[in-house]
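Enquirer: One letter stands for each residue in the lines below.
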Amino acid sequence: MSRRKPEPVQVVKQRRDAALRALVEGVPYIGFLGIEFDRRGDELTAVLPFDDKLIGNPMLPALHGGVTAAFLEVAAIVELGWSMLWEDIEAGRIELGQADEVLLPRLPKTIDFSVDYLRSGLPRDAYARARVNRSGRRYASVHVEAWQDNRSRLFAQATGHFLMPALDNG
Amino acid sequence: MTESGGVSMSHEDAAKLDLARRFIEAIPHSHALGMHLDMIGGGRAVISMPWDERLVGDPRTGVIHGGAVSALMDTCCGAAVMSHPDAPAGTATIDLRIDYMRTATPRQRITARAEVYHITRSVAFLRATAHDEEEGLPVATATGAFTVERLEGAAK
Chain B
81 MSRRKPEPVQ VVKQRRDAAL RALVEGVPYI GFLGIEFDRR GDELTAVLPF DDKLIGNPML
141 PALHGGVTAA FLEVAAIVEL GWSMLWEDIE AGRIELGQAD EVLLPRLPKT IDFSVDYLRS
201 GLPRDAYARA RVNRSGRRYA SVHVEAWQDN RSRLFAQATG HFLMPALDNG
Chain C
1332 MTESGGVSMS HEDAAKLDLA RRFIEAIPHS HALGMHLDMI GGGRAVISMP WDERLVGDPR
1392 TGVIHGGAVS ALMDTCCGAA VMSHPDAPAG TATIDLRIDY MRTATPRQRI TARAEVYHIT
1452 RSVAFLRATA HDEEEGLPVA TATGAFTVER LEGAAK
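For the protein sequence lines, the chains are B and C, in the order given. The opening residue of the first sequence carries number 81 in the numbering used here; numbering runs sequentially from there. The opening residue of the second sequence carries number 1332 in the numbering used here; numbering runs sequentially from there.
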C-alpha cells in the first residue's frame, strides 16, 4: 500500500496564508479599521489593534459601538468565506500565486446581524473568533465572540445570518 | 437660517443643532467616517455619511461594508436617545439588530433616521432606517435597546 508523501509544511502554510491574504486584503474596509487575522491551522482569530480613530466616547474613552459591530461582522464574514475555501485550499485546488481576488468566490452577503454589547470596549486591542453554526447551500448562521484582556470576559457577541454566494457565478 | 426636512427652525433650535453637530463630529470614529448630523431633537436624529472608497466591503461592486452602515445606525440611535425630552445624561448600546434589505448603491450618500419609540427609567427602545439617495425601500432597518444613564443624585 503506497501512501502519498505529505507535503512540506511550508508549502501547506504558504498556500493557506496566501488564500487568507486574498480573502482579507481585497476588502478596503478591513484595511480601514486595521483588522488583521491570526491563523492557527484552520482556526482564525480576528485582531483589532487599538487606534484613536476607533473611539466612540472620548470621555471614557471607549471603542465606538459601531466599530465593535463592524469588527464582529468582518470576523463573521471572513470566517464564513474561509470555511467555504478550506477544502479547496487543502485539496490544492487553490495554487500559490493564483489565490488573488479574481479567482476567489464571491463573499457571503449579510442578511441580518444582531450585536449584544456586554461591556464597553476599552481603548486596547480586541480579538474575535467566529463559529459557523450552520452552513447550507443558500443560508448560513454564524456566531461571533469578542474579548480584550480576558478570553472569558467577552465585551460583545453577535449572531448573523448570511446569504451564500451562488455557485454558478463563483 | 438652517433648513432641515423642509421645516425652518428657530434661532434657538439652530443653535442646539449646531452644538449637537459639533458634539457628534468630535467623536473620533464618527469624524473618520465623515458623519454629518442633519437633524436632532425630541428623541429623533438624522445622520448621514458620504460613500467612501475606504469603506467598501466588496471590491468587485464598490458596495459599502455592512459594518460601516452599522456604525452609522449605532451613532444615529445614540444621538436620538440623547435628544429625548427625558434628557438622559448618557447612553450606551445594549443591543442592536440590523436587517439588510438591499445593497446600497455605490457612490451614494447614506442617511440614517432613528427614533426612540419607547423609553423607561433605564432603557430606550429604538427603530432606525438607512437609505441611500433613493427613497422607498431602505438599504437597512435596525432595532435597538440603549441604556438610559441618569445623573447621580437625580430623582429616582
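The hints are simulated quantities; they were obtained by calculation from the structure and are not laboratory data. Built from N, CA and C at the ideal position, the CB exists for glycine as well. Hints may contain errors.
Derived DEER-like restraints, expressed as beta-carbon distance ranges [claimed, not checked]:
(1) Gly1421/C x Arg173/B: 30 to 40 Å
(2) Arg120/B x Leu1482/C: 40 to 50 Å
(3) Pro129/B x Thr1478/C: 24 to 34 Å
(4) Asp122/B x Asp1383/C: 31 to 41 Å
(5) Ala1357/C x Gly114/B: 43 to 53 Å
(6) Asp1383/C x Arg231/B: 29 to 39 Å
(7) Pro129/B x Phe1354/C: 37 to 47 Å
(8) Thr1478/C x Arg217/B: 52 to 62 Å
Interface residues of chain B toward chain C, partial, derived using beta-carbon atoms under 10 Å [stated by the list, open to error]:
(9) Phe112
(10) Pro129
(11) Phe193
(12) Asn213
(13) Arg217
(14) Tyr219
A short list of chain C residues far from chain B (calculated; beta carbon distances all over 12 Å) [to be verified]:
(15) Thr1434
(16) Thr1460
(17) Thr1474
(18) Leu1482
Enquirer: What hints, given by number in increasing order, does this structure fail?
Expert: Structure breaks hints 1, 5, 7, 8, 10, 12, 13, 14, 15, 17.
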